[in-house]
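Asker: Residue numbers (the working numbering), protein chains in the order written: chain G, 5 to 232; chain Y, 2 to 126.
There may be inaccurate statements among the hints.
Said to hold, decoys possible - Sample of chain G residues lacking proximity to chain Y, with all beta carbon distances greater than 10 Å (derived):
#1 Gly-6
#2 Ala-18
#3 Pro-59
#4 Leu-61
#5 Phe-68
#6 Thr-69
#7 Gln-75
#8 Ile-76
#9 Ile-94
#10 Phe-129
#11 Met-186
#12 Lys-191
#13 Leu-197
Unchecked claim - Covered stretches of chain Y, as calculated for chain G (at least 3 residues, CB under 8 Å):
#14 2-14
#15 24-31
Everything labelled a hint here was simulated from the structure, so no lab data went into it.
Glycine included, each C-beta is placed from N, C-alpha and C at the ideal position.
For reference, the chains in residue letters:
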Amino acid sequence: MGLIFIRTVIIFIATLIVMRLMGKRQIGEMQPYELVITLIIADLACIPMADNSIPLLYGLIAIFTIYLLHQIICILDLNFPWTKSVVSGIPSIVLNKNGIDDSQLKKNNLDVSDLIESLRVEGYFALDAVEYALYESEGTFSALPKSNYQQLQTSLPIVLIDEGKWDDENLKYIQKDRAYIMDILKKQGCQKLKSVLVMTVDGNGKVYLQQKGEKYKVFYLGWESALW
Amino acid sequence: MIRTLASILLTFGLIFSVSAYESKRVQTTFESFEQVLLTLYDKTEAGEVTYEDGTATERFWENKKNTLHIWLPHSAILEIDYQLYEAVGCLYVRDYDSAIPKIEILLGMCKNIPQSYRFSFENIL
Numbered sequence: 005m006g007l008i009f010i011r012t013v014i015i016f017i018a019t020l021i022v023m024r025l026m027g028k029r030q031i032g033e034m035q036p037y038e039l040v041i042t043l044i045i046a047d048l049a050c051i052p053m054a055d056n057s058i059p060l061l062y063g064l065i066a067i068f069t070i071y072l073l074h075q076i077i078c079i080l081d082l083n084f085p086w087t088k089s090v091v092s093g094i095p096s097i098v099l100n101k102n103g104i105d106d107s108q109l110k111k112n113n114l115d116v117s118d119l120i121e122s123l124r125v126e127g128y129f130a131l132d133a134v135e136y137a138l139y140e141s142e143g144t145f146s147a148l149p150k151s152n153y154q155q156l157q158t159s160l161p162i163v164l165i166d167e168g169k170w171d172d173e174n175l176k177y178i179q180k181d182r183a184y185i186m187d188i189l190k191k192q193g194c195q196k197l198k199s200v201l202v203m204t205v206d207g208n209g210k211v212y213l214q215q216k217g218e219k220y221k222v223f224y225l226g227w228e229s230a231l232w
Numbered sequence: 002m003i004r005t006l007a008s009i010l011l012t013f014g015l016i017f018s019v020s021a022y023e024s025k026r027v028q029t030t031f032e033s034f035e036q037v038l039l040t041l042y043d044k045t046e047a048g049e050v051t052y053e054d055g056t057a058t059e060r061f062w063e064n065k066k067n068t069l070h071i072w073l074p075h076s077a078i079l080e081i082d083y084q085l086y087e088a089v090g091c092l093y094v095r096d097y098d099s100a101i102p103k104i105e106i107l108l109g110m111c112k113n114i115p116q117s118y119r120f121s122f123e124n125i126l
């Protein structure tokens with residue numbers, strides 16, 4: 005039984021480390037250690053139940069070990085804040101007043117399209133409509149909109165460049181070619197496509213452009229009429 | 002907080018005592034079974050063994066294995082059953098030469114099984 009105890013502790017810690025390394029993408033409304041418990045405990049309960057050759061006590065000891073570890077983590081969380089950041093992680097601010105923080109996105113194995121999707125789920129369609137956006141330690145998404153955010157998202161923005169890569173479908177949709185967009189980029193002081201973190205345009209011709217490591221810019225393309 | 006601490010201590014105490022009891026229980030059970038097997042082995046080697054000695058060993062094991070099912074995987078116990086029944090079968094037909102290797106296997110198992118559940122680095126990994 006001592007072996008089962010030690011082996012359960014090792015498996016628990018290893019699974020927790022992997023979950024933390026995978027970032028917030030793999031979690032979802034649970035703290036990493038809670039997800040680990042959910043993942044492990046189902047199997048622990050099932051194996052001795054289904055396999056008659058394994059003593060029931062093997063499963064029980066492992067389940068009690070998981071309970072013990074859970075209680076220890078709870079105590080550490082409450083009394084030593086630094087352990088909370090190690091075990092559960094800290095919220096990641098992925099969008100701030102300067103725009104998207106791609107280093108925070110990368111840390112959590114997320115990309116710009118994941119962020120845009122999360123914002124849409126929260127009801128924010130324009131990247132400039134949001135002051136701050138963050139992924140909580142348990143993987144949920146929170147956003148603080150600008151006070152006038154409703155005026156900033158009058159038309160649906162679509163992505164033209166996502167982390168240095170063209171979205172040709174969307175280019176066709178706005179009936180423009182790559183040369184037209186490259187021309188706009190050069191006017192904005194952006195020489196290389198690779199340096200563009202994100203570029204979106206909405207139906208009114210409002211462009212959100214952010215180069216890697218720089219503050220975002222918002223400008224209008226001067227379309228004669230709204231495209232959508 | 003106090004309740005959580007108490008639950009931690011209680012659970013740890015429970016796991017520790019069950020583990021210690023299991024280790025002791027398995028060890029002593031196999032030690033006593035080994036003694037019985039050694040006597041059977043000596044008698045078989047000397048040609049003084051009877052079928053009743055074999056069945057007495059069987060009864061001893063049957064008695065012990067009931068509690069071992071709580072602590073050990075049943076497949077390990079079945080393996081001992083199999084070897085023991087074979088050895089006693091050989092004693093019934095007075096085939097002592099065939100019985101001796103089977104008793105030796107059982108003696109080896111008496112050493113190996115408790116070892117494979119002992120608290121050691123190779124067992125943890």
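Asker: State for each hint whether it applies.
Answerer: Okay, the hints, checked on the actual structure:
Not every Cβ of chain Y is farther than 10 Å from the Cβ of G:Gly-6; the closest lies at roughly 4 Å, contradicting the non-interface assignment. At the 10 Å boundary, the C-beta of G:Ala-18 stays outside the reach of chain Y, the nearest C-beta of that chain being 12 Å off. Not every C-beta of chain Y lies more than 10 Å from that of G:Pro-59, the closest at about 6 Å, which undercuts listing it as non-interface. A beta-carbon of chain Y is positioned within 10 Å of the beta-carbon of G:Leu-61; the least distance is around 6 Å.
For G:Phe-68, the shortest C-beta to C-beta distance to chain Y comes to about 5 Å, within the 10 Å cut-off, and the non-interface label is violated. Distance to chain Y contradicts G:Thr-69 as a non-interface residue, since its nearest Cβ pair spans about 6 Å, not more than 10 Å. The non-interface label for G:Gln-75 is inconsistent with chain Y: the shortest C-beta to C-beta separation is roughly 5 Å, within 10 Å. Not every CB of chain Y lies more than 10 Å from the CB of G:Ile-76, the least distance being 6 Å, so the non-interface label is violated.
Against chain Y, the non-interface label of G:Ile-94 holds: every CB pair exceeds 10 Å, the least being about 23 Å. Distance check for G:Phe-129 against chain Y: the nearest CB is about 45 Å away, which clears 10 Å, and the non-interface claim stands. The beta carbon of G:Met-186 sits about 57 Å from the closest Cβ of chain Y, which is more than 10 Å, so the claim that it is off the interface holds. Taking the minimum C-beta to C-beta distance to chain Y, about 62 Å, the non-interface status of G:Lys-191 holds against the 10 Å cut.
Chain Y leaves G:Leu-197 outside its interface by the beta-carbon criterion, the shortest separation being 50 Å against a cut-off of 10 Å. For the region 2-14 of chain Y, the stated coverage by chain G holds: 7 residues have a C-beta nearer than 8 Å to a C-beta of that chain, and at least 3 were required. With a cut-off of 8 Å between beta carbons, the region 24-31 of chain Y has 1 residues touching chain G; three or more are needed, and the interface restraint is violated.
When held up to the earlier numbered hints, the structure conflicts with 1, 3, 4, 5, 6, 7, 8, 15 and fits the remainder.
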